[in-house]
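Trainee: Those protein sequences? They're chains U and Y, same order as listed. Residue numbers for the first sequence follow this note's numbering, beginning at 1 and rising by one. Residue numbers for the second sequence follow this note's numbering, beginning at 559 and rising by one.
Keep in mind that the hints are not guaranteed to be accurate.
Calculated from the model, a selection of chain Y residues having no Cβ within reach of chain U, i.e. all distances over 12 angstroms [said to hold, decoys possible]: (1) ALA619; (2) LEU684; (3) VAL696; (4) GLY702; (5) ASP718; (6) GLY777.
These stretches of chain Y come out as covered by chain U in the derived footprint (C-beta under 8 angstroms, 3 or more residues) [as the list claims (entries may be wrong)]: (7) 641-653; (8) 749-758.
Calculated directly from the structure, the hints in this document are not laboratory data. The structure displayed is predicted, hence computed values, not measured ones. Ideal Cβ positions, reconstructed from N, Cα and C, are used throughout, including at glycine.
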Amino acid sequence: MSVPVVATTRRAVLWVPDWPVVAAMTQAGLSAERPAAVLHGRGVVAVSAAARAAGVRRGQRRRLAQQACPDIAILPYDQARDARSFEAVAVAAEQVVSGVEISRPGLLMIPAEGAARFHGSEEALAGALVSAVADDAGCESSVGMADGFLAAILAARTSSLIPPGESADYLATMPVTVLAHAAMERAQRAQVEDLVSVLIRLGIDTLAALTHLPVGDVLARFGAVGVWAQRLARGEDVTAPVLRRSEDDIAVEYAFDEPVHRSEHLIPVVRLLAEQLDQALLAAGMRCGKVAITARTQRGDTLERVWRTDVGVRSGAFATHMADRVRWQVEGWLNGTAAGPERSALVWLGVLACDVVPLGSEHSYLWGGISGADSRAQRTVDRIQGLIGPEGVLAVREQGGRSPRERVLASPWGQELTEQRRLAHPWPGRIPDPPPATVLVAPAQAQVLDAGGAPVVIDRRLGLSAPPTWVRLEADRADQQALAAHRHPASGHVGRVTGTVWDRPRPVEAWAGPWPIAQRWWSEQSSRHAYLQVTLRDGPAVLLAFTGGCWMLDGVYD
Amino acid sequence: MFDWLEVDVGEIEAQEADAGRAGVSRVQLARLEKARAALAAVQARVGVGREPGQAPTLPLADYVADILPTGLRRGHVVAVEGSTSLVLALVAQASREGAWMAMVGMPRIGVVAAARRGLDLTRLVLIPDPSVQAPAVVGACVDGMDVVVVGPRLALSPADRRRLVAHARERGSVIVSAGPWEGAHVSVVVEGSYWAGLGAGEGRLRSREVEAVVSLRSGGPARRVRVVLDGAGAGGGEAGSGALSGEEVHRLATVGPSCQNRTHVRKTY
Chain U
1 MSVPVVATTR RAVLWVPDWP VVAAMTQAGL SAERPAAVLH GRGVVAVSAA ARAAGVRRGQ
61 RRRLAQQACP DIAILPYDQA RDARSFEAVA VAAEQVVSGV EISRPGLLMI PAEGAARFHG
121 SEEALAGALV SAVADDAGCE SSVGMADGFL AAILAARTSS LIPPGESADY LATMPVTVLA
181 HAAMERAQRA QVEDLVSVLI RLGIDTLAAL THLPVGDVLA RFGAVGVWAQ RLARGEDVTA
241 PVLRRSEDDI AVEYAFDEPV HRSEHLIPVV RLLAEQLDQA LLAAGMRCGK VAITARTQRG
301 DTLERVWRTD VGVRSGAFAT HMADRVRWQV EGWLNGTAAG PERSALVWLG VLACDVVPLG
361 SEHSYLWGGI SGADSRAQRT VDRIQGLIGP EGVLAVREQG GRSPRERVLA SPWGQELTEQ
421 RRLAHPWPGR IPDPPPATVL VAPAQAQVLD AGGAPVVIDR RLGLSAPPTW VRLEADRADQ
481 QALAAHRHPA SGHVGRVTGT VWDRPRPVEA WAGPWPIAQR WWSEQSSRHA YLQVTLRDGP
541 AVLLAFTGGC WMLDGVYD
Chain Y
559 MFDWLEVDVG EIEAQEADAG RAGVSRVQLA RLEKARAALA AVQARVGVGR EPGQAPTLPL
619 ADYVADILPT GLRRGHVVAV EGSTSLVLAL VAQASREGAW MAMVGMPRIG VVAAARRGLD
679 LTRLVLIPDP SVQAPAVVGA CVDGMDVVVV GPRLALSPAD RRRLVAHARE RGSVIVSAGP
739 WEGAHVSVVV EGSYWAGLGA GEGRLRSREV EAVVSLRSGG PARRVRVVLD GAGAGGGEAG
799 SGALSGEEVH RLATVGPSCQ NRTHVRKTY
């Protein structure tokens with residue numbers, strides 16, 4: 001923690017006691033009188049007033065807390081939820097003052113001089129803040145005012161207004177344990193609490209005693225934390241206030257008057273949305289890397305899909321490119337072909353720009369970034385997607401898995417690829433490299449026969465019934481000889497040609513295996529395969545799988 | 559009689575004197591050359607002047623250099639019959655060095671095999687089934703991509719193929735066909751591929767030799783070439799992380815032939 005010197009400003013602090021518990025209780029729908037605590041890891045992080053009265057303290061284990069207060073409600077820790085719900089309080093406070101700083105969820109820092117002059121007096125400002133927060137956000141808060149960061153926080157805890165210039169005296173009488181209130185993050189707080197315990201053991205009980213220590217000695221003994229603590233104890237500020245700026249997402253939306261069933265009615269709307277988004281991006285001086293297309297159906301479902309748009313690829317054609325993307329996605333939803341709930345009419349359509357970067361940051365155009373070849377390739381892909389639809393052009397990646405088919409992740413070009421299985425994981429027991437160059441889209445039937453012509457069977461202990469001697473694969477449909485042989489009565493049936501047409505049996509030169517892959521035995525997608533690598537005398541090497549009593553051709557090493 | 563042997567020393571001296579008079583030293587000349595080379599590289603990358611500024615051949619891996627001694631020339635068609643791995647090996651080096659690739663009409667391509675050979679999957683566009691629009695789609699790919707790999711069962715008539723070849727020559731892209739292509743500049747027919755590493759129930763596929771017959775459209779005798787496509791040292795790209803380690807191989811080898819002749823019915827796997 002580096003400690004730059006900053007001028008002391010008069011601050012007002014709005015403090016909502018036990019904010020994590022308040023947010024969690026609102027989310028869980030509990031009433032305020034119920035004792036509750038928020039648990040993170042193994043210790044309680046925040047305690048509600050009723051629980052504190054019963055004897056529950058921060059840092060206690062769950063069992064201790066439940067022992068102290070049997071009907072306590074233990075709520076989960078969610079930093080994001082705390083931050084999100086505190087926005088409402090910040091917005092309420094912003095109705096009274098022009099800019100607030102959220103130090104952490106539960107603590108608002110407000111530069112007080114201008115606002116106090118506007119409202120007449122500091123008491124008026126404090127009263128206005130408390131009532132605004134109580135009315136709009138519905139929670140109790142307290143406001144304190146003083147010079148300096150630490151003094152203001154402590155003043156807020158007692159709801160007092162320290163006159164200007166008396167903050168140093170106010171702080172001098174405080175015990176060192178109050179330093180923990182000035183730490184905004186958990187890691188910082190742990191460091192400060194360590195420092196406080198050392199100070200107490202050394203006999204430095206009050207902030208006055210801390211300020212009397214020489215700065216050099218404090219730095220040498222306690223490090224940067226000590227200097228930070230000493231500065232705060234003197235009443236100085238360590239960071240200038242950083243005011244919150246609300247940033248609206250760049251998004252456009254359209255609510256249909258009547259639910260839309262047919263995609264033709266959407267075309268003008270989609271074009272309008274794309275142009276509006278382009279204008280909005282241009283007005284903000286931004287470019288976006290991803291676009292999230294959201295639609296709400298009549299039934300109340302929300303469908304969402306994120307598409308990549310290449311930054312720096314096109315300038316003027318952005319609106320048409322966007323219009324194409326949105327139109328394909330919506331058509332997919334309406335026809336029920338895109339992954340999602342069943343087809344139903346759409347009532348609302350929205351497009352949100354994500355990953356916005358300022359215009360002009362495509363600096364690497366010439367010197368090794370997106371190049372002319374990339375943009376040409378991207379235009380080609382767009383053209384082909386226009387011809388055969390977005391699902392016809394695929395982008396592929398490797399993902400984790402054991403068989404060659406599982407290790408491929410394919411999705412339409414431009415869509416976000418999310419891998420189902422992480423590539424970095426070890427995946428023991430997978431089919432060894434080199435992988436087959438041809439992997440059948442769906443496994444085809446095959447026959448593996450032993451020397452006598454009986455099918456080879458693999459038992460549960462991975463023992464083969466006989467070494468494989470012949471392999472018969474499915475014949476090519478144009479292969480007339482195989483068809484004729486199939487029609488011949490000697491093949492075992494009479495009448496019309498039904499069933500698979502088998503090619504002539506090929507002798508096996510060498511084989512290896514079986515590699516067992518039994519996955520997810522506990523779920524419905526359980527699969528048990530035993531793989532065999534076989535080289536054929538007058539054919540390529542093949543990868544065969546035995547599953548459910550029959551043989552399948554999985555891949556060809558051609 | 560031997561005047562062609564006489565080096566005109568006088569002329570060289572005059573040239574050096576001129577250079578000295580103009581104040582241009584050798585160091586400055588070298589710097590000028592470097593700057594020109596850098597500018598040419600940038601021009602090639604931006605796409606300015608694609609036709610005059612680009613190299614006439616795409617990079618080719620060493621272990622398949624026997625098959626295409628003149629390299630992958632831009633505007634040419636290479637037809638490879640009988641082995642998808644050979645197709646991947648021919649285009650792998652070009653993809654690794656930045657070329658964009660499209661695979662049209664190859665629904666059964668093994669993507670993991672392509673990645674192992676060294677192809678860059680971020681610059682690979684797969685179009686597994688263009689169905690009726692095949693000529694338009696392949697034409698668009700020839701326009702925009704550096705290498706177009708075409709599958710064996712696309713709906714392309716001979717007239718379409720001729721038009722595509724002319725287009726490729728004009729745009730400087732390479733067409734590699736995984737099936738027969740009449741009028742291909744280089745025609746490779748794989749006659750046999752010999753795998754090593756399997757035994758009677760032990761081992762795994764390790765190394766492969768491929769025997770191919772290469773014939774050129776421009777005439778000349780057909781050559782028979784043996785290429786090592788997979789195996790230690792030559793070919794196969796980087797050893798994949800999925801390769802078995804030493805102990806795994808040993809364990810598999812000691813399993814041995816695990817077949818027994820039993821006649822009664824057993825539960826299957």
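Trainee: Indicate, hint by hint, whether the structure satisfies it.
Mentor: Hint-by-hint comparison with the structure:
1. For ALA619 (chain Y), the condition that its CB be more than 12 angstroms from all CB atoms of chain U holds, with the nearest at approximately 15 angstroms.
2. Once the 12 angstroms rule is applied to beta carbons, LEU684 (chain Y) is inconsistent with being away from chain U; the minimum gap is 4 angstroms.
3. Residue-level check failed: VAL696 (chain Y) sits 10 angstroms from the nearest beta carbon of chain U, not beyond 12 angstroms.
4. With a closest Cβ-Cβ approach of about 3 angstroms to chain U, GLY702 (chain Y) is found to fall inside the 12 angstroms limit, against its non-interface label.
5. With a closest Cβ-Cβ approach of about 15 angstroms to chain U, ASP718 (chain Y) is found to remain outside the 12 angstroms limit, as its non-interface label requires.
6. The Cβ of GLY777 (chain Y) sits about 29 angstroms from the closest Cβ of chain U, beyond the 12 angstroms cut-off, so the non-interface label holds.
7. Check result for the region 641-653 of chain Y against chain U: holds, 4 residues qualifying (beta carbon to beta carbon below 8 angstroms, three or more required).
8. Given as covered by chain U, the region 749-758 of chain Y passes the check, having 6 residues with a CB less than 8 angstroms from a CB of that chain where 3 are the minimum.
Comparing the model with each numbered hint stated earlier shows that hints 2, 3, 4 do not hold.
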